[in-house]
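Q: Starting from the structure of chain W, add chains S and Z where the hints point.
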Amino acid sequence: MENTAGLFFYLVPLIVFAPLAGMLINMFLGPKLGEKGVGLVASLASGTAFLTAVLQAISLGQHPEGAVVRLADWIHIGQLAVDWAFRVDTLSVTMMLVVSGVGTLIHIYAIGYMHEDVRFKNDLPRYPRFFVFLNFFIIAMLTLVSGNSYMMLFVGWEGVGLASFLLIGFWYDMDTLGRPSLANANAAKKAFITNRVGDFGFLMAAFMMFWKFGSTDFDLVFAKVAEVAAHEPWVILWITIFFLVGVAGKSAQIPLYIWLPDAMAGPTPVSALIHAATMVTAGVYLITRSYPIYSLSHDAQYIVATVGAVTGLFAATIAVGQYDLKKVLAYSTISQLGFMVAGVGMGAYVAGMFHLMTHAFFKALLFLSAGSVILGMERGHHHLPHGDHHEVFDPGDMRNMGGLRKTMPVTFWLYIIGTLALMGLPPFAGFFSKDEILLDASLHFPHVYWILTAAAFLTAFYMGRQIWMVFFGEARHAAAAHAEESPLVMTAPLMVLAALSIFGGFLNFPGLHQFGGWLAHTLGEVETPEFSLVVAGVSTLLALAAIGLSWWLYGRNPLQVGQIDPLKKPLGLLFTGMENKWFVDEGYQLVVIQPYKALAKFLAQTVDWDFWHEWFHDSVIAKGFVGFTRFLADPIDLGLIDRVSYWLSDLVSASSAALGKLQNGFVRSYALSIVVGVVAILGYLLLNAK
Amino acid sequence: MTLELFLFFTLALIALVTAGGMVFSKSAVYAALNLVTNFLSVAILYLLLDAPFIALAQVTVYAGAIMVLFLFVIMLLGVETLRAEFDWKKIWLQAVLALALLVEGFVMLFQRMGQAANLPFNTASVLTNPSEMAKVLFTDYLLPFELTSILLLVAMIGAIVLTKQVKKRSL
Amino acid sequence: MIPVSYYLALSAILFTTGMFGVLIRRNALVVFMSIELMLNAANLSLVAFSRLYQTFHGQIFVFFIMAVAAAEVAVGLALIVTIFRSKQSIDLDQMNSLKG
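Protein chains in written order, with the numbering used here: chain W, 46 to 735; chain S, 54 to 224; chain Z, 1147 to 1246.
If you're looking for bench data, these hints aren't it; they were derived computationally from the structure.
Treat the hints with care, since some could be wrong.
Stated by the list, open to error - Only some residues are given here: those of chain W computed to face chain S with a beta carbon under 10 Å:
| hint | residue |
| --- | --- |
| 1 | L717 |
| 2 | L730 |
| 3 | L731 |
Where is the CB? At the ideal position from N, CA and C, for every residue including glycine.
With the rest of the complex left out, here is chain W (with noise of 0.2 Å):
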């Protein structure tokens, strides 16, 4: 049956083009087929694309070293030669498992929320819209994993910051509520403009590697890496550092994280499936992909896990101090992509795939729970008496909710669990994954490892915070009174993504190793560091004492409406500064944004309009000109071709005049002019020929 397993490679190009059907029918059939249909047809696009990610893992299973399937030419221009080709490995396969799977899930929550979004908003006819923007997230996403060259990596990456951009700014012209507003619209502008500055830095990788390996190939770049690692070590530290611009963009890293916050404007599916379990993960899929460049270089993998680090603690004080239910998750999944960099930048990558893998089950849990937990506020909102409408009201302000676990059973016990598994709690799947890369820290960069145990103490406290503030305690809004539970539609995926939340884990159990062992064969022998009760039981016991914490603030003597946050008065300053996010975002606007406005009102007052047009193109150009073509026009034109031709024209008037005179139309002066050209004719003949 070998044979027969390996032909599963082959149906590798399907895991974009199921999507891209599926894409196509919503997009020209949507508004036809109804919510229903549009809904089938996108899950089974998506849900087609992950069954043949699933075919790919069995095919694996009998060839683990992989194939690469090409399917078409794309560019070749001289030395430039990138294929359309398909690249399946254990490394890719994962990604294509946990992207197509997830988004699958997603797909189906999508239908039930899509519905009622849609109509809080009133705009029934952008359903299908939803839809085929989330199909063609799938579509770039898998382009992504799949690719075989970092150009075709490039395509995807590009593709799902257009996907992200689409449907962070789905409600473009108007806020949750419905109201007019251009927030999701600029939020939509900033993760975009942001996400360009990284991609900047890739674009400048991809340049130097066509310049040093002639390829942008992964066999043909990893095959020569080592010959230029030994001759031009910078080479590969440029490489790398740019490649770091491009993954801080795309993941989210310091200091080009600060698009994701806002990126929660889109529906809260987009926020689970792209700007938590996928695309941000993709930065670290790239330095993943990239192993063997960043294994040469020390002080690459120093500067990644540092940066991944610092985030990671960095944003988890930021969460700390947010009341909106979605910006904590927000900041919590910066926080956890820093994990996951750090991880990889340690050279951990096992460690740092598996945390993605598991990230990915539990935030897109708590994220669709989230959701949900905000859909039911809106139900109960819509459920009040006429006259309250018009307020202002944020169903995602934690503090407007409280007690929520009464109305909405099913959503907490789910929500639990994404919790459990994101504080690190055994046996849940984050216990593991977040352990093995705080153990990698320990053996190679301990600093790293302080770092990331002070966040992952935070990432308890905060998620205990917000457990507290939103399900315990009394109902602190009306709304929150009134919630009601979500459908099963909604329900159904969360259970499946909170069972891979609970067992996800088991994956690579420690001494077992499964998941490295399977990721081995793309990426060589990888360490596998013997499991370690000191680490362990560190992280456990400061998850529970950050809950005990929590428990203490939040959960003893629940918030009361309008009563300030119980951090505020320990902390005073420092937590005014996690409430505004450090302020980054302002002093981004000091240090960024207002002297480049100012410098393009220089350029474009000063320079382009004062000098270059009212200067330069009048004084110079058009006063030039107008004198050029004066001397032209006066003394060369009128003086002298005037003259020459008029002078020509009077020549050609008189000649013709008195030539007019020989035509007199008598016979006879013909005949003399005949015999006249004869006389002399023959006495020209006589007189030179001889």
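A: This is chains S and Z only, laid out in the frame that chain W set:
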């Protein structure tokens, strides 16, 4: 001076005198009569040149048919004379040109031709027999001969068409 | 024997006379006659050459010239008649319709 030479000079004199008479005579009828005489003298010169057929054709076609036609037309139109035909004082340019052409012709004749001009004719001539000429005419020149007939036909039709009076239509 | 140049000289004088007639006369009929004289002069030299070189070609050429001259006279006189009918004159100096 042989008889032949005497004959030539006599005929040449007649030809020149009649030619001048034709050019300068005031009356068109006189001009025509001068021309007939000229043609006849030239016809005799053709005989001297061993061309009896051409000589006879000259008499019948030119002196006979063509000149009769001229006279008919003169009489038909009644234009024997024209008022102030030409002024001797205004024709010096034409005279100079004619003289120049003549001088050029003579220069060519006596200077360029050289010996050939003074070649005497062979005494024994094969040209006197018209039937020999007919053989050449109807073998080598058959096609031009036939085409001549078409030419004459066309000329005849043309003359008829041109001179035909356009009659007024009457109801 | 008479040298060929005598005939040619006579031919030249006759030709020049005819040409002079064309140039000075206003009567269309006389001009026409002068043209005939010029043709005749050419014929004379052709026959003389024919005699010199003992070949019939010159004579045959003269024969054709006569045929063409006959045709020309027929058409030319017809034209003169037509012109006279329209202008009541055959004075060439009154005919300048060709003037541009």
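Q: Hint by hint, note whether the structure agrees.
A: Right, here's what the structure says about each hint:
1. L717: 7 Å, holds
2. L730: With Cβ-Cβ at 9 Å, under 10 Å, it holds.
3. L731: 6 Å, holds
When held up to the earlier numbered hints, the structure conflicts with none and fits them all.
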